[in-house]
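J.: Sequence:
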Amino acid sequence: AFIKSVRGSDPDAALYWLAKMLYAGEDPRFILRRLLILASEDIGLADPMGLVVAASAAQAFEYVGLPEGVYSLVEATLYLATAPKSNSATSYFKAYRLLEERGAIEVPDHLKDTHRDAQALGHGEGYEYPHAYPGHHLGQGYLPKALWGTYFYRPSEEGYESEIKARLERWREAQRRALGIQATQEAPELSEQEIEAIKSRHSVRKSQFE
Numbered sequence: 019a020f021i022k023s024v025r026g027s028d029p030d031a032a033l034y035w036l037a038k039m040l041y042a043g044e045d046p047r048f049i050l051r052r053l054l055i056l057a058s059e060d061i062g063l064a065d066p067m068g069l070v071v072a073a074s075a076a077q078a079f080e081y082v083g084l085p086e087g088v089y090s091l092v093e094a095t096l097y098l099a100t101a102p103k104s105n106s107a108t109s110y111f112k113a114y115r116l117l118e119e120r121g122a123i124e125v126p127d128h129l130k131d132t133h134r135d136a137q138a139l140g141h142g143e144g145y146e147y148p149h150a151y152p153g154h155h156l157g158q159g160y161l162p163k164a165l166w167g168t169y170f171y172r173p174s175e176e177g178y179e180s181e182i183k184a185r186l187e188r189w190r191e192a193q194r195r196a197l198g199i200q201a202t203q204e205a206p207e208l209s210e211q212e213i214e215a216i217k218s219r220h221s222v223r224k225s226q227f228e
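Note that the sequence shown covers residues 19 to 228 in my numbering.
Accuracy of the hints is not assured; some may be wrong.
BS3-like, lysine-lysine: derived pairs with alpha carbons at most 30 angstroms apart [to be verified]:
1. K217 with K22
2. K163 with K130
3. K163 with K217
4. K130 with K217
5. K163 with K183
6. K22 with K38
7. K130 with K183
8. K22 with K163
9. K183 with K217
Derived by calculation from the structure, the hints in this document are not laboratory data.
Here the structure is a predicted model, which is why all the values come from computation and not from measurement.
Go ahead and model the full structure; you've got the sequences and the hints to work with.
T.: Rendered as structure tokens:
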């Protein structure tokens, strides 16, 4: 109920459920961990300061502890509950699912490492340094050619992300012109259940390397 209230932008309900959890003896560190996740998952780039506030609250609590440490917890709760919301961070799972479906595609030569044996292998050839161009941007391709015009990230209209959306539209248009991209495709949105299933598979792969 607590996290759903923060996600739903109801600070009063969030405070009530926060008080209930602490009254029942819940570990504040668990609550802070959940707020750290929410700051990226449900607020994200709509207000990038959300993650900063949540992380600062977690750090402050370690310095202060209870009872006064509750102020940091409350501040983070209220900030996140009243912040603009965006779940665009879940765009990552669109890319992950595409990798599962199609397999990994080789990195384009111009993006490969330019150190050992790079010249003989053609690595780095054709790469253009963005900072050498006006606006620090050029319409260079960074995805494998087979995926040109594929968009995973769909910025929201909320908060700071609305500025990102306008800037990204300019950059994508410049890239389409430079690369001659005629058709684009937005990766389909994923349901909450699909995302949770990918997270489970993601965790299994992670455990194989630990």
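J.: Take the hints in turn and mark each one as holding or not.
T.: So, going through the hints one by one against the coordinates:
Distance restraint check for K217 and K22: the Cα-Cα separation of roughly 19 angstroms lies within the 30 angstroms cut-off, and the hinted pair is therefore satisfied. At roughly 14 angstroms between alpha-carbon atoms, K163 and K130 fall within 30 angstroms of each other, so this suggested pair holds. At roughly 27 angstroms between alpha-carbon atoms, K163 and K217 fall within 30 angstroms of each other, so this suggested pair holds. Pair hint K130 plus K217 holds up; C-alpha atoms about 29 angstroms apart against a cutoff of 30 angstroms.
Distance hint between K163 and K183 is fulfilled; the C-alpha atoms sit about 24 angstroms from each other, no more than 30 angstroms. With a CA separation close to 15 angstroms, the supplied pair K22 and K38 stays within the 30 angstroms bound. The hinted pair formed by K130 and K183 meets the criterion: a straight-line CA distance of about 28 angstroms does not exceed 30 angstroms. Proposed proximity of K22 and K163 is contradicted: the alpha carbons are some 41 angstroms apart, above 30 angstroms.
With a C-alpha separation of about 27 angstroms, the suggested pairing of K183 with K217 holds against the 30 angstroms cut-off.
In this structure, only the earlier hint numbered 8 is contradicted, and the remaining ones agree with it.
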